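Colleague: Here are the chains, one letter per residue:
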Amino acid sequence: MNYNWNWAILIEVPYFDWLVSGLGWTLLVSALGWIIAFSLGSLIGVIRTLPSKPLRLFGMAYVELFRNVPLLVQMFIWFYVLPELVGEDLGRWMKRDMPFPEATSAILCLGTYTASRVAEQVRAGIESIPRGQSMAGYAMGLTTKQVYRYLLIPVGYRIIVPPMTSEFLTIFKNSSLALTIGVAEVLYQARQIENYTFQGFEAFTAATLIYLVITMIVVFITDRVEAKARIPGYGVQGKT
Amino acid sequence: MVSKSDFLVRYPFQSNKAKGGIRMFKKLMILGAAAAMFAATNANAADFYGTLAKIKETGTIVLGHRESSVPFAYIGPEGKPIGYSMDLCMKAVEAIEAELGMDLKVKLVPVTPQTRIPLIANGNINIECGSTTNNLTRQQQVDYAYTTFITGTKILTKKGSGIKEVEDLAGKAIALAQGTTNERAIKESIEKLGIKNVKVLSVKDHAEGLLALETDRVDAYSTDHILLFGLIAKSKNPADYEVVGRFLSFDPYALMLPRDDSAIRLVVNRTLAGLFRSDEIKDIYNKWFMSNIPGSQALMVPMGDTLETNFAVQAFPK
Chain B
3 MNYNWNWAIL IEVPYFDWLV SGLGWTLLVS ALGWIIAFSL GSLIGVIRTL PSKPLRLFGM
63 AYVELFRNVP LLVQMFIWFY VLPELVGEDL GRWMKRDMPF PEATSAILCL GTYTASRVAE
123 QVRAGIESIP RGQSMAGYAM GLTTKQVYRY LLIPVGYRII VPPMTSEFLT IFKNSSLALT
183 IGVAEVLYQA RQIENYTFQG FEAFTAATLI YLVITMIVVF ITDRVEAKAR IPGYGVQGKT
Chain P
2 MVSKSDFLVR YPFQSNKAKG GIRMFKKLMI LGAAAAMFAA TNANAADFYG TLAKIKETGT
62 IVLGHRESSV PFAYIGPEGK PIGYSMDLCM KAVEAIEAEL GMDLKVKLVP VTPQTRIPLI
122 ANGNINIECG STTNNLTRQQ QVDYAYTTFI TGTKILTKKG SGIKEVEDLA GKAIALAQGT
182 TNERAIKESI EKLGIKNVKV LSVKDHAEGL LALETDRVDA YSTDHILLFG LIAKSKNPAD
242 YEVVGRFLSF DPYALMLPRD DSAIRLVVNR TLAGLFRSDE IKDIYNKWFM SNIPGSQALM
302 VPMGDTLETN FAVQAFPK
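Heads up: the sequence lines are chains B and P, in that order.
Quick note: the first sequence uses our numbering, first residue 3, plus one each step.
Quick note: the second sequence uses our numbering, first residue 2, plus one each step.
None of these hints come from the bench; they were simulated from the model.
Since the model is a prediction, treat every value here as computed from it, not as a measurement.
Here a beta-carbon is modelled for each residue, glycine too, at the ideal position from N, C-alpha and C.
Treat the hints with caution; some may be incorrect.
Per the computed footprint, the stretches of chain P lying under chain B, defined by three or more beta-carbons under 8 angstroms from a beta-carbon of chain B, are [stated by the list, open to error]: (1) 115-121; (2) 198-207; (3) 214-224.
Here are some chain B residues the structure puts well away from chain P; computed CB gaps all over 10 angstroms [claimed, not checked]: (4) V15; (5) L30; (6) V88; (7) R98; (8) T106; (9) Q135; (10) A141; (11) I161; (12) A186; (13) T224; (14) G235.
Please take these sequences and the hints and turn them into a complete structure.
Modeller: Next comes the structure, spelled out in structure tokens:
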């Protein structure tokens, strides 16, 4: 291979600053996306377990729609197609005056997509609780709301911490797809460095390491959360 | 737990006398195999080295091509890459076949502005046939054949947008394809001239840049002026668009080749010089720039003095 290696490029001005600003965008897009994903996903997940059939159908439709369309396609739809569908004035606002149109589209896209996956975890968590428990709740005179509030949700969420960890990791990695609509995140900046210096291998190695470090930090934190949230007697760790 | 020092301690053990005989035997085997391989490649690819030797060995030449660079290399109505650069590349392939004395299988690999340089550098493609600017920074990683086209950065906009020059971009939005020399040229102009409030949207390729302009997401798109004519010709309403402004950069196009390999460059350059000498280049030029081309209207961009001089200067004698 004919390649001139030059690792020093990574700490040169302005390339180092580019990577740092890329890291900032990656963290911002992922974090805001996660907030949407977690809240919306929780809501949809709970809806999918409710006694009401129309609500359950709605939840199912949401999950199947967002989970089954490739994320790359969804990015493209949020950014290019949606503004064409919402009418001229709003469309124009989305295209021109909306603050950070690329990043906003990416956050909404990542959030709604990941929400469908979070919803499935939440549903699995709630459904894994033996029916006897909610029945006991109803027998004690609790309303549906109270059964969820005091029984299903507190236990269900603690059960699904481990799979939720991987959804949280995935959102950081999926955020790299935002570069296709022009969000200047880590991978975008790595490409940019490649375009300016033609030292692509160094730039992509740096991007790889950045993702690795982010995800390792996330794993470190969620491991702590997992240890705290674990319910004795439930799941693999708590064989009794 | 294996620590570093364990390796240091173990290593001398493995090369003690008991295993010495086996090691010696292994060494001889490797040596023998290497010699056999050397002899084999030597017989197969006598006198050829580098890329030519590799092409001869595999019987395959790998061409990288762009997919939406009209009329240099783009996907035609039949789903195959066609264009001015593709024609020149196929002439070069014929010359390489003659040089190696064998028929070659031609493998076509689509490339993008981001992938073309690494793919040449790591040897995945042998020649890139597209619309690549030859510049000195890129020459640190790749090599180029003779210049086959000369163009520069201009701005594409919708008629009536009020943009006539790069200065008029103040307060407007422009799409730029990431990884192109034009992206840099526009950004440098904006910085140098102190143009205020320009919103830049990064797009993946020319097709997406035109989409952003068509849907009014941006007011302008910029790339080499000749490609802009190609985009207009391929757009839904060609009458809506115009190419404006002065040249913001100098972009000589050339076929891209692997670095440190003058043997393949010589074969390609010999082919090109032959075309330039015999005026055959004019026929190829007119075919792509002055008449109707598959999948789009005629561009009607005459050769011009600069390009004609370029061909004359590079028509090296045999």
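Colleague: Of the hints stated earlier, which fail here?
Modeller: 7, 12
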